[in-house]
Amino acid sequence: MNELDTKYFKKLVKEKLSDKSLRTIVKKATFHSLQKRNETIQNDISEKWEQLREKAYSIRKITIENWDYYFNQIKAKFSENGIDFFYAKNSSEVCDIVNNLLFSYKAKNIVKSKSMVTEEVGLNEYLEKFGFIVTETDLGEYIIQLANERPSHITAPALHKSRSEIGFLFSEKLNIDYTDAPEKLTDYARQILRKKFLNADVGISGANFLVAETGTIVIVENEGNARLTITLPKLHIVITSIEKIVPTLSDALILLRLLPVSSTGQKITSYVSFINKPEEEDNSSKNLKKIVVILLDNGRSKLISDKKLRSILYCIKCGACMNKCPVYQLIGGHAYGSVYPGPIGSILTPWLNSFKDSKDLAYGSSLCGACSEICPVKIDIHYQLLRIRKYSIEKKFSPFIEKIIFKIWLQIVKNYKIYNLLSNILCFLGPLFQETGLKIPVWSKYKYFPAPFEFSFHKWWQREVKTQEEYANV
Amino acid sequence: MKISLFIPCIVDQFAPQTAISTFKVLRKLGCDVDYPFEQTCCGQPAFNTGYHHEAKICAERFLKIFSKSNYIVAPSGSCVAMVKNFYEELDLSKETLSIYQYLKNNIFEFSDFLVNILKIENINAQFNAKVTYHDSCHLLRELKISNEPRKLIQNIKGIELINLNESDTCCGFGGTFSVKFPELSAAMTEEKVNNIEKSGADYVIANDVSCLLNIQGILKKRNSRIKILHIAELLALGM
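From first to last, the protein sequence lines are chains A and B.
The numbers in the numbering used here rise by one with no breaks, and the one at position 117 of the first sequence is 117.
The numbers in the numbering used here rise by one with no breaks, and the one at position 85 of the second sequence is 85.
Calculated directly from the structure, the hints in this document are not laboratory data.
Note that CB positions come from ideal geometry on N, CA and C, so glycine has one too.
No false leads were mixed into what you were given.
Calculated pairs, EDC-like style, for lysine to aspartate or glutamate (alpha carbon to alpha carbon, straight line, at most 20 Å):
id : chain 1 : residue 1 : chain 2 : residue 2
1  : B       : Lys180    : A       : Glu394
2  : A       : Lys395    : B       : Asp91
3  : A       : Lys417    : B       : Glu60
4  : A       : Lys395    : A       : Asp357
5  : A       : Lys414    : B       : Glu95
Quick partial rundown of chain A residues pointing at chain B, CB under 7 Å, derived from the structure:
id : residue
6  : Leu17
7  : Pro326
8  : Leu330
9  : Tyr363
10 : Gly364
11 : Cys368
12 : Lys390
13 : Ile393
14 : Leu410
15 : Tyr416
16 : Trp443
17 : Tyr446
18 : Pro450
19 : Trp461
Could you build all of it, start to finish, from the sequences and the hints given here?
Here's what the structure looks like:
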């Protein structure tokens with residue numbers, strides 16, 4: 001197996017394509033989510049959906065365009081509410097901040113609820129190196145942690161795993177009898193996780209939205225694990241990225257109407273937590289609770305300042321673009337080799353990591369635009385893919401032979417006489433290949449490539465419609 | 001009505017019948033059809049691969065050639081979307097930008113032009129066959145055309161239009177994509193062809209030759225009896 005890295009994208013694609021059972025699992029799961037999404041929109045939201053998307057788009061646009069303002073506003077609110085706040089330029093700064101906090105709290109056991117940003121940071125590996133015991137408490141994330149893998153989808157991390165795979169994994173790692181009954185597996189996980197929650201010194205969560213006007217942290221979930229993560233331990237660390245800010249509570253409510261529908265087809269998730277400030281001080285000062293928010297930049301502020309690229313950060317991490325993407329449906333999330341897979345991952349990753357090593361992600365798309373069409377905040381995803389391709393050529397990352405081909409091609413299409421001369425030669429030879437088709441390297445292994453027709457339309461027009469008189473007779 | 005035909009290069013060389021049919025149908029509907037002979041390629045292959053410098057030269061050339069056109073009609077959603085929408089991404093010169101601002105509102109895909117400009121939904125054609133329709137991505141998502149071709153098809157006498165499962169899912173062509181990721185592209189086309197075969201149709205209709213030739217690439221490999229047919233050819237049958 002190839003290492004999960006965007007550098008190996010092309011190899012990983014081939015590897016995952018040959019895994020037919022993976023394809024069945026991914027197709028079934030994405031189809032199910034899409035179907036539920038469509039039903040909910042049709043039955044409960046109907047024509048208001050497009051209006052909601054339009055509103056959400058403008059909320060995200062205004063926020064990102066005026067990010068500095070809202071960033072300062074939320075910083076002030078956090079301090080007013082007694083929440084500690086850190087801005088982290090990159091992953092290692094996040095790790096250092098967390099490490100210092102854990103040491104000062106003499107923490108050992110840490111529970112985590114779902115946070116893709118901590119995946120981006122590589123927080124678990126880092127903390128485990130220092131001897132901390134980190135437990136993922138979202139069921140999907142717990143499965144992934146047991147399997148020592150990476151999430152393959154941003155909202156359904158274990159989407160690539162079948163029920164029986166999970167059954168075997170639990171049986172091996174948790175030493176229980178094999179079962180693939182979801183209720184039983186969930187029950188085992190719950191028994192283990194309850195103990196983890198009770199023994200936890202620190203809870204780490206992500207956040208779906210951070211409301212600038214009130215300093216509210218909004219967390220969306222279905223399992224109740226996030227609520228336990230944020231309430232039981234005496235220290236709650238929120239780790240998310242700088243673009244998660246929204247101006248007002250009513251803005252957050254609009255986005256909340258789109259997020260669960262887009263991601264799982266639910267009108268609302270089982271739990272939505274709004275956290276304003278640490279629990280009030282009770283009589284024993286030992287029980288003081290603390291909340292710390294860490295916002296990761298990691299290249300995002302550069303995107304914010306680029307007018308053409310900043311829409312990438314409108315994303316509310318619903319995962320609908322992955323569900324809808326015909327490429328994702330065939331290869332699953334691991335093929336991308338990036339933390340964020342699918343269409344949104346392909347446009348975000350190159351700007352966060354080494355551009356050169358992840359630019360191929362942008363070429364792994366037919367530009368069909370299904371992602372942009374389903375995106376609840378109307379990100380122009382396929383235009384962003386094209387912008388990455390443009391940047392990649394500007395930076396001269398393209399193969400030499402490709403550059404030469406386009407140079408020659410340009411000389412041909414620039415001059416219609418040369419174009420027509422070559423076109424006529426091709427069409428003259430066309431009939432020779434009518435049966436077999438043209439043999440194009442690699443392509444012909446999979447598909448028949450048609451031969452040119454015996455004459456071009458240019459030729460036909462010249463022959464048949466040169467003069468007005470002939471025009472009338474055609 | 002004066003119309004300039006825009007025939008994409010792939011149609012020019014691989015499917016001139018589609019272009020001839022487009023011409024004949026428009027003529028039959030009373031249009032005065034012209035073919036600016038200097039046209040070659042709109043620049044999409046370069047643009048999609050990231051070569052904006054090359055694409056821009058094509059775009060500016062295209063705009064100058066069609067600058068005097070009243071209406072531009074093309075039998076392709078993809079190439080119309082390139083001109084209409086994606087030229088915006090190119091850093092066009094002042095001179096060509098003003099042509100673009102004017103032309104982007106006057107360039108139409110064939111079925112869009114028939115139904116929304118000429119207001120023709122029934123062309124009095126006859127064809128006894130079971131057909132199914134594939135939504136080409138740029139036609140559907142860039143130009144928002146999906147009902148127009150279906151109306152035109154349904155009004156053909158003797159035809160049975162069968163619903164295609166996942167008709168709006170990409171056929172996997174994507175130009176450069178099919179060369180850079182041939183296995184992935186082929187896997188997408190296989191899925192498309194599976195759905196086409198399941199539909200029970202004899203013909204698969206689409207508005208883009210590139211999608212059709214790509215679909216044919218797998219149909220031929222499978223020795224399938226199902227044929228591809230561009231909508232313009234379908235409407236011109238018997239003309």
